[in-house]
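Student: The primary structure of each chain is shown beneath.
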Amino acid sequence: MVRLADIPEPERSYMAGLECVPYAHQPLTPAVAPEERHVAIVSSAGLIVRGQRPTLGNDTGYRSIATEVTDSDILCSHVSVNFDRSGFQQDLNVMLPRDRLKELEAEGVIGKAADTHYAFMGATHPDELEDKAREVGRSMLALGVNTVVLAPV
Amino acid sequence: MSGLAHYLEDEGLSTTVVALVREHVAKMSPPRAIWVPFEMGRPFATPNDAALQQRVLKAALALLDEPTSEPLLRDFAEESNDLQGDLSWEFPGRLDAGSVLAEALSVLPVWEKARARTNRTTFGISGFSPETAVEFIQRYLSPDPMPNPKGMAPVSRARFSVDDIKVFYLEAALANGGRPSSFQLNEWFWKQTLAGKMILDFQDAAHLGEDKNLRMIAGSLVPPERTYEYL
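Top to bottom, those sequences are chains A and B. For any residue, its number in my numbering is found by taking its place in the first sequence, counting from 1, and adding 28. For any residue, its number in my numbering is found by taking its place in the second sequence, counting from 1, and adding 1046.
Just so you know, these hints were derived from the structure itself, not from any lab. Given the structure is predicted, the values throughout are model-derived calculations rather than measurements. Yeah, the Cβ is synthetic: ideal placement off N, Cα and C, and Gly gets one too. There are no misleading hints in this set.
Going by beta-carbon spacing under 8 Å, a handful of chain A positions derived as facing chain B: (1) L56; (2) L103; (3) N110; (4) R128; (5) V181.
With the rest of the complex left out, here is chain A:
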């Protein structure tokens, strides 16, 4: 089990000291009914499609991962070495549970699994991600997505 207290020093102190300033304005979009949910996943694992430019430190861009991209063409380019990658190497769904989302669609738990999911480089200050976060949000809305699962590493 990994809790902050379980992480070895000096990383524990570094992580504990990371700036986490809540936003003064707290937007809230009401959820639609489960059967109307069109759900995309946004990962912060720096995932890329094989052949795309890897994300580097302070990269504020995002990468789109379409359904037709095979599991074997999804790579992890996150700058940090402070998280396990062996789970991802065994099963993409550990970081990007797109197969599980499809199953929930088939079961009727959600209305639709999105055809495209997205990945950012998590080791970036949230303020620097604003432009691209809003851009990807508008892209998702244009595709009919109304619900997002945010997956860290």
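Got chain A sorted already, so can you dock chain B onto it with the hints?
Tutor: Chain B alone, transformed into the frame defined by chain A:
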């Protein structure tokens, strides 16, 4: 992730966050979050455990059904047993200890077996073959460095070559399946392989060298606990 949730909600999307560091998400207060007690890097728990992964995803989505006027932060009730490991696991091949390159070549058929078993690899971010990635690192700080192909700065190529070498060895380590923990795999790689030793030495040299760019990436080559434990 909480910052992304903020902007996406503001654009008109409903979000639910899966959180690995409870302290951070509690401070940032996104509208809906579920803390999962799993290893960093495994937000959806155990590889190839579809049932558990689905329960995590359902728990995250269930937050959307709760009335929210204040931020919701729930704890996922289950834990995984990933860190228990697999005492029967051992590297499914014989490592050639003659040199780093010889060792990598001895890993190659094991890795190919692993690829055939899973029909997948996460190797390839450097653009090199496994043995070329090893040679690139081996010669990087020598008087005779390998040419760096176009498209990526040398220092980035070095960083991603290191990533690829680790992927190559760890994927090979699972050629016969099994459920070794990440700790077991890391123990093996950093303590028992020449490639692990090469990367530790490379990081040490990068820290001490005059190349400012290389010093900047030195911290992203080796997990910190490995650095302090083994150097």
